[in-house]
Amino acid sequence: MAWESVGRFLDTDPGPVDWLFRDLIPAGVVGALVAKGGSGKSFLLIQVAAAAATGEAFGPFIPGKPRRVLLLAGEDPTDVLHRRIRAAALGMRLAGPGLAGTGIEPVLRANFAAVSLVGEDRVLIGRDPAGNPAATPTFAWLSDSLGAMTAAGRPVDLLLVDPMSRFYGLDENSNTDATAWVAALEAMAKKHSLTILFAHHVSKGAGKDGADLTGRGASAIGDGCRFVMSLSDLRDADLRQFGIDQADRYAYVCLQTPKMNHAARAGSDMYFRRGKHGILEPVELDTGIRRRQADMLADLIGEEGLVTENELRKGSTKGTRAIRQALREAFPRISLAVELPLIVAAAVDGGKLVRSEEFAINGKQTATLRNPCVGAVSIQGFQGQADQKAKGAKGAQGAAEHPEVKYSPEANRGGSGEIQGKTASPLGALPLDCACGDAGLRGKSNPRNPRPPTGGSAIALGTLPLRGLGSGDVTREDPDA
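Mapping the sequence shown onto our numbering, position 308 (from 1) lands on 404, and the numbers just tick up by one.
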């Protein structure tokens, strides 16, 4: 072993990454799959092995080409291993009737080898006579076997060890020992040009709310690996986000990648449904989220009555702040800054909301959103004041430019000059009754939000809102002023 100048690194292109699974697991490294017992980690390893062996995609595991795989099972006896491998191959449609002529099953048979070591001396690393961590005779046997396969022209590309605890003869809580374990596997991976993935159980403190990201024992186990994946039950946040009932919580598992030194997908969540015989089926739980978000937004705007996109984006009114908070609570991982425009677009495209582009008196363009299924136009508290006013002792001439408002002098209540008007919603549903006077503009909003606003509010009448200023004044206002 000798060092060299970095000149060679500077003068040559290192070439592309050799991915075992595209953008997820590179070739030639050591990694861990952390999970609690019964989570499906053994099935996941078998299915990952089958995908690698055939070159067929399995959810996020997308191999670039078929690879040779060896699975060492330390917990499952041969009969259990038999049932699981057969169930996985049939469930993934890599073997069985109907596949004649595809060539997939012969590739699986040629590239996937598995052995149960239950009851055998399977410890790969233990202690030498001086008490130091050292490779065992079983480690030497495994290395020799891998070398023989390479010499025969059938090198192993992926070695799966399930689980670590059955092959580990050191102190699980010792960082020194854990580092020796990872180093021994790295030496084997380098010598035989293969990737090693071992399963590891979660720590005692893990498992709360489905979050099983911490491997049991020394932190050096995960720290020494180049990638760490975690398989866990769904969390409470997942149930809320995806609309899954509590009763179906354990029908799914979540695969996370808390550590990926060579991949850009760290932090991505991937989901699987537990299928027949326990095999895992990749699912896209995101499907339908945008629709549910759009439906919820439409319902919330229906309760509010009418909002502008600007108000919704900024949360500048009490109503729009409540809408934004409700979305956050229902979808805990939502990024409103990024996703709210997409949710609005989905609601408009799906007919859940109606978007109106209008010009205010000052020339600014504004867009309003309303739920077409809610009958009445509500009263909104727009800020600002327009340039033009219509004044009268009894206010009978005010804002006559709006044909949708029919003023009735006969219905005038007198006093300080109230104006009574009646206008229907754009869908001709429930009418909006209003009365203007010293108290400003009062009215009935939609029946789902019956509380009438107080003075100083404005009424949206399709183009420009009106505001009662008292003493018979009616002012048209610019919502964006």
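It should be emphasised that the hints constitute simulated quantities derived from the structure, not laboratory data.
Glycine is no exception: its CB is placed at the ideal position from the N, C-alpha and C atoms.
Honestly, I wouldn't trust all of these hints.
[What the hints assert, rightly or not] What follows is a set of in silico ranges between Cβ atoms, one per label pair, in the way DEER data are often shown:
{"id": "1", "residue 1": "Gly103", "residue 2": "Arg345", "range": "54 to 60 Å"}
{"id": "2", "residue 1": "Ala206", "residue 2": "Asp391", "range": "49 to 55 Å"}
{"id": "3", "residue 1": "Val113", "residue 2": "Ala418", "range": "44 to 50 Å"}
{"id": "4", "residue 1": "Thr246", "residue 2": "Arg345", "range": "43 to 49 Å"}
{"id": "5", "residue 1": "Gly339", "residue 2": "Pro437", "range": "30 to 36 Å"}
{"id": "6", "residue 1": "Thr275", "residue 2": "Gly447", "range": "58 to 64 Å"}
{"id": "7", "residue 1": "Ala206", "residue 2": "Ser289", "range": "48 to 54 Å"}
Now for the hints, and whether the structure bears them out:
1. Distance hint check for Gly103 and Arg345: the Cβ-Cβ separation is about 57 Å, which falls inside the suggested range of 54 to 60 Å.
2. The hinted window of 49 to 55 Å between Ala206 and Asp391 holds, with their beta carbons roughly 50 Å apart.
3. About 48 Å separates the C-beta atoms of Val113 and Ala418, a value consistent with the hinted range of 44 to 50 Å.
4. Distance hint check for Thr246 and Arg345: the Cβ-Cβ separation is about 45 Å, which falls inside the suggested range of 43 to 49 Å.
5. For the pair Gly339 and Pro437, the supplied restraint of 30 to 36 Å is violated, since their beta-carbon distance comes to about 22 Å.
6. Judged by the Cβ atoms, the range 58 to 64 Å given for Thr275 and Gly447 holds: they are separated by roughly 60 Å.
7. For the pair Ala206 and Ser289, the supplied restraint of 48 to 54 Å is violated, since their beta-carbon distance comes to about 19 Å.
In this structure, the earlier hints numbered 5, 7 are contradicted, and the remaining ones agree with it.
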